[in-house]
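Taken in order, these protein sequences are the chains called A and B. Numbering of the first sequence is given in this note's numbering, commencing with residue 1 and proceeding in unit increments. Numbering of the second sequence is given in this note's numbering, commencing with residue 414 and proceeding in unit increments.
In short, the hints are calculated from the structure, not lab data. For glycine and all other residues, C-beta sits at the position ideal for the given N, C-alpha and C. Fair warning: there could be bad hints in the mix.
Unchecked claim - Sample of chain B residues at the chain A side, in silico, Cβ under 7 Å: (1) Gly-457; (2) Val-460; (3) Glu-463; (4) Phe-499; (5) Asp-503; (6) Asp-505; (7) Ser-506; (8) Gln-536; (9) Met-538.
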Amino acid sequence: MAPDPAETLLRELAPQVLGAVVRRFHDFAAAEEAVQEAFLAATVQWPREGVPENPRGWLIQVASRRMTDHIRSELARRRRETRSAAQETLEVPPPAEPSPGVEEDDTLIVLLMCCHPALTPSSAISLTLRAVGGLTTAEIANAFLVPEATMAQRISRAKQTIRSSGVPFRLPTPDERAERLAAVLHVLYLIFNEGYTSSIGPQLQRSDLAQEAIRLTRAVQRLLPDDGEVAGLLALMLLTDARRPARTGPQGELIPLPEQDRTKWERPLIEEGIALVSRTLSRGSVGSYQLQAAIAALHDEAARAEDTDWPQILALYGLLLRMSDNPMVALNHAIATAMVHGPPAGLALLRALDSDARVAGHYRLDAVRGHLLEMAGEPAAAVESYRAAAARTASLPERDYLNRQAARLGRRP
Amino acid sequence: MKYMLMMHAPKGTGDWAAGDWSPEALKAHMDFMMRLAKDLEESGEWVAGEGLAGPGEARVVRATKGGAPAVTDGPFPEAKEFLAGFWIVDCDSAQRAYEIAARASSAPGPSGAPLNMPIEVRQVMNAPGDESVAKG
């Protein structure tokens with residue numbers, strides 16, 4: 001994932017080239033394979049012979065040749081197996097006539113296919129990174145810390161699922177569009193989260209996934225500049241990623257938002273994110289990514305933690321909560337409530353969540369409770385909650401952080 | 414999410430007394446385990462997996478004062494169960510990890526009937542959740 005210009009170009013062209021080959025041969029799975037082979041050929045030839053004048057055309061041509069070979073060997077195999085296939089002739093479809101806008105459409109169609117709702121999140125993520133992101137299977141396997149053979153299987157199964165779902169290679173109809181686009185945004189969000197939350201300690205290299213998610217979301221935003229949620233998601237990523245340099249200490253330990261050195265935040269990302277979210281919010285129809293981005297913007301705009309505009313954040317979490325009945329949003333809403341109306345009000349909201357099966361027993365509920373109990377001046381109870389949260393979390397840096405909180409309070413007389 | 418599945422074999426089964434099994438029973442057991450590994454690879458969930466040498470060969474090591482290893486037999490000669498092997502799988506839910514564990518548990522034993530060994534399922538520690546982004 002080095003920022004080598006030829007590689008950058010290749011990866012930008014990935015979905016367009018794939019789209020052109022699928023359009024011609026109508027076989028997504030085989031076309032995806034052929035495009036990867038064309039990319040491999042390019043990484044060998046281009047550095048030696050120079051980047052061709054029309055790189056996109058070059059890649060389409062090489063991939064199409066691979067497809068023809070593939071069809072030819074398929075036909076030979078069938079001839080061996082059945083007599084009737086002996087009558088079949090090799091039919092290689094002619095290249096499609098280029099029409100204006102088709103490349104943009106293709107990028108979007110490929111992305112929509114890779115994020116098809118029939119796929120599990122992990123397979124959609126893997127396929128998107130390969131077919132749209134232009135990453136190799138080895139790179140993706142490395143990012144998710146699984147063997148390459150496992151990742152290859154995951155991608156191949158994802159392609160089989162797409163094939164058997166029979167989804168046509170075209171833009172979705174207006175009534176399915178919103179749902180399909182939401183699936184794409186969710187996958188991009190998951191890729192970002194995977195990279196951002198794991199860019200800590202021994203897994204530093206995975207932060208590249210966050211950059212990749214930003215790059216892909218930027219591409220979608222260029223294709224759909226008027227979509228508020230696409231802009232909202234991009235803004236959310238930028239505003240979150242801006243804090244990355246401040247969120248870990250020298251030993252890789254987690255530093256929570258209120259304690260971060262805000263001078264380390266990346267201003268250009270914050271400015272870009274704020275501009276994006278302000279533009280989209282002024283246009284009306286507000287979605288959940290825009291609201292989350294607006295909340296992230298309010299955090300990023302505060303020069304000191306105590307300058308945070310909590311009443312505004314509370315109002316935004318109220319809107320989010322009305323939009324989606326999500327217990328994680330409810331947790332954040334409880335924090336904002338405590339910041340505005342005092343810890344007892346926040347703690348009362350947490351008690352209501354104790355009976356919500358989706359979040360009861362989740363470590364974050366105890367972690368937030370510990371935090372609010374500490375604010376309320378009940379250190380003994382806070383220690384208990386921090387310890388309970390530490391015992392339940394599956395996140396190593398988070399467990400260290402929670403144990404440090406418990407140890408710090410426990411030491412007091 | 415990654416899970417570690419730890420196969421605890423009761424004494425008298427598995428590698429512990431595999432020499433007493435009939436060759437057919439042993440083959441059925443090993444075929445079962447190999448098929449499980451292959452299926453996990455094909456489903457894109459396999460991360461790692463190993464069988465462990467018999468507990469009679471196990472040693473317990475502690476550092477001595479200068480840091481040199483002090484090795485004793487072990488670990489627990491009186492234990493009723495021992496760790497016979499493990500898998501690490503990467504799957505979409507805990508439910509799915511339990512399904513895989515149940516399948517491993519049903520590996521055939523000396524009589525050909527399922528062993529129904531206890532499989533301990535533990536989530537592997539991963540990245541932290543985010544401190545501000547509301548998760549969907």
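Hint-by-hint comparison with the structure:
no.	hint	in the structure
1	Gly-457	holds (3 Å)
2	Val-460	holds (5 Å)
3	Glu-463	violated (13 Å)
4	Phe-499	violated (16 Å)
5	Asp-503	holds (5 Å)
6	Asp-505	holds (5 Å)
7	Ser-506	violated (9 Å)
8	Gln-536	holds (5 Å)
9	Met-538	holds (4 Å)
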